[in-house]
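Based on the hints, put chain D in the right spot on chain H.
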Amino acid sequence: MIDTAQFPITLIFPPQGHFTQPYLALPCISAYLKANGFPDVELIDASIDSYDHFLTGEQLERARARVLDRTPLSGFDAESALGFRDLDGFRAAAESAASAGPLIDRIEEAKEVVRSKAFYDPDLYIPAARSIYHGLRLFSSAWHPTRLTPHNFTMGYANDRSDEVLAAVRDEEQNPFISYFREELLPKLVARKPRVVGMSVIYGSQLIPALTLGRMIKEALPNCHVTAGGGFLAYIGKKLMVAPGMDACLDSMIFHEGEKPTLELSQALCAGTSLENIGGLMWFRRTAEGVSAVNNGLAHPIRLDEAPCPDFEGLPMEKYFSPEVVIPYDINRGCYYGECSFCTLPTVIGPGYRTRSAETIVDHTIELRDRLGATNINYITDCMPPGMINDLPEELIRREAGMKWWCDARVEPKAYTKAGAERLYRSGCRKLLFGFESATPRILKLMKKGQSLSSVQEVANNCSDAGISVTFYAMVGFPTETREEARESLKFLRENSPPVREVSLQTFHIDEVAQTYHEPEKFGIEILDGEGTDLQLYHDYVAEEGMSQTEAAEMFDEMMQGFREFLPIFRGDTILYFMQKSHYFLHLASGKTPDEFAQLCVDRAAAREEGTPSREARASDGLSFVELSHSYTETCERLGSPLARAVRPDFLTGRFVEGALERAESELDGVAPEECVLAYDPESGEFCELTSGARAFLEALQQAGSLGGLLDAAGRAGADTTALEAFARELHQSGLLHEGAPHTITPARRSPAESSPRPEEVTT
Amino acid sequence: MSPNDPDAQPDKKKPGEEEVEASEKKLEDIALELANRKLEIRKVDERIAPSETNVFDK
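Protein chains in written order, with this note's numbering: chain H, 1 to 764; chain D, 765 to 822.
Extracted from the complex, chain D is given alone in its bound form:
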């Protein structure tokens, strides 16, 4: 048994079946809600400044 083996760590309980179910249900609720939300991402168009193209002289 390695120290990293979950069985070697008695304090860490594996989630029970009920907990798993509750967690799955929660994720489903969130996913359902997400399908109706405004999902947008914007990225900055990275501009290269003159100083950044001067790399050979500097």
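Just chain H, with the same shape it has in the complex:
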């Protein structure tokens, strides 16, 4: 008799994913397991848990000590120019010296701001968001060259070589997750003794942490079966499973959607039966003769409309860096269009297209609303199918679901009519993201996008007129695209802002499952193979015409610079709302219109750029200064160039560009010795480089208490105050002068009751 009730299963989302909202895959699997006889399922989001843990005063204090030990500022030769290899370490040491103290003191408060109603006040949110970014920079500096950011995790190892990945998994010096797992997560797992641990690896940034954890679990719990699945492994899983040494980290791997294979795996392990008949599973057969990888072949996908409502129980909703949870929920799997030549979705999701009915979606939406006390939802779909664009809002309105939501969409002029867009708005839709990609018909044809620019404009205008914020996905560097064509896209976006409020720009990458890889001649490219890259998924290429990869990276910067000129959200520091998933959406959900939010951004940027400080303006008491032997600004500029960026593992591909380090070393000038001061202002969360005179000015301003006090003192002393006033304006523009008293924060996280449903504007 199988006793599934006594069969503990733990599902883990390994670091690193974004920290603003939970991910969906594991709640789907948890619900499916529970509905099929396995009640003891635990969910752990080790990504948000680790962010929350690393961003504490205690951990940042440890980070500061580690930086001082590993990369002291005094270790950089004050007499010589800094070469390219020194730059990253110099920046880390300088930032740590200037900001560690204030960050240690304020990091908890920063987390509280983004988790509370204070989030909605840009004067509080922006410094808090910056503190979180800088806190992660400080943390990363302690593990240099490793980098953990809000969007990525990379080490000095390539993701496309199994020997490097396995070396990273064991590198106690550079892998911060070894000690984190050992001290924080593993003791809990050892106490629970799960029989199965399943990990969801959606992104390349999770690969090393997931394998690190897998290895440690296998050592600590030899009877626990460790499996992993998810989008990223759907790409490289087969290569990974035959790489030498990988059996030390995993027992099996699940391909495509995880519900059914995880259930069947648990049933087999519980009953002690063979794993051979479990579809979607690749596993290690361990015998006296050795270990071999067995691929069972693909599984039949589940009937989506019969899948249970995702179960988020156990996820730490209070830890996500958002004031209100935005629930992810999948309305369909696969893409109804399925033609785009750059898209590799079938590889990740599995073949075919399945959808839930509008009734089921709204049933689940209401169930999640009531269970989690949440009113915001992110409908996960690659593009909302045309019928659903009509049916879902109708059902949401009819059932008075009272939710605000956002999702991805495809340009469908027959569905996103004026009436259709208005219905979407009434149902709670506040933001739609369309695949625009390019303004060049030739490129759109190569991409097989099946959309015209006039239809793009029509759909965007209809949605915007209805009050829905429109975001475009755009791509730069598609094979054969020229600089002029990319600039045409920029021009089109400029002319259509609004209705376009945000642009998510990506440089084009070729992966092994895309049409561009299999038919390179159609796209005028030659694919390059890496040496020794046994996990390679992405490839460099040589284009017969159009931009090279380096030129595309440069064009990315040019286009981003353009966006910052004409997209209000991108113009100043409010770009941080765009950079954190769902944060701009939460303002829309709270009642701001896209126009009102755009105006807020414009006013905020103008006050900084054009405003003049008042006589009451002051310098922060918490300003900290550090003397440097080389320019911080020049160091950062070198590190921000496309050439330098290519030296780091790419965020998407996790790989190093061949010869990039040598090129950066030879083509980027060193940073010459130059005495300067790095200032960190904890009230604005900004770094600035100063002359020693500028530092003295700020210290005098602290002493005077106000700008008026300092200027009066200068006047009494007979000084010409013109230069001082002009410099005060520069300080104001740089965010180092403050008006009014320092902000104090009253923690007031929204209670479920406050954020409960029933917005007034939902009408039938």
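These are calculated hints, taken from the structure and not from any lab test.
Possibly wrong hints are sitting among the right ones.
Said to hold, decoys possible - A short list of chain H residues far from chain D (calculated; beta carbon distances all over 12 Å):
1. Pro72
2. Asp163
3. Gly272
4. Glu313
5. Ala514
6. Tyr517
7. Gly524
8. Ala553
9. Gln599
10. Ala672
11. Gln703
12. Leu711
Claimed, not checked - Part of the chain H face toward chain D, derived, beta carbon under 8 Å:
13. Gln506
14. Phe508
15. Met579
16. Ala700
17. Gln702
The structure presented is a predicted model; accordingly, all values stated were derived computationally and were not measured.
In this text, a Cβ means the ideal position worked out from N, Cα and C, and glycines have one as well.
Structure of chain D alone, referenced to chain H:
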């Protein structure tokens, strides 16, 4: 009297007139000197990396 009232804290002396004058004079000297010093500030032009615009897929 609240505990935060300066009068309730006998240990904290208010600065005397001479001290205020000395402090003002010192500030004037500093301000005069500042007017003749090189006052410059440089900020890093914040570049947005590709990973940071990929927030909807990730």
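These are the hints, each one checked on the structure:
1. Pro72: holds (22 Å)
2. Asp163: holds (25 Å)
3. Gly272: holds (39 Å)
4. Glu313: holds (24 Å)
5. Ala514: holds (15 Å)
6. Tyr517: holds (19 Å)
7. Gly524: holds (23 Å)
8. Ala553: H:Ala553 not clear of chain D: closest Cβ-Cβ about 8 Å, inside 12 Å.
9. Gln599: holds (22 Å)
10. Ala672: holds (15 Å)
11. Gln703: violated (6 Å)
12. Leu711: Given that some Cβ of chain D is not farther than 12 Å from that of H:Leu711, nearest at about 8 Å, it is violated.
13. Gln506: holds (6 Å)
14. Phe508: Violated - the Cβ of H:Phe508 stays beyond 8 Å from chain D, reaching only about 11 Å at its closest.
15. Met579: holds (5 Å)
16. Ala700: holds (5 Å)
17. Gln702: violated (11 Å)
The earlier numbered hints that this structure contradicts are 8, 11, 12, 14 and 17.
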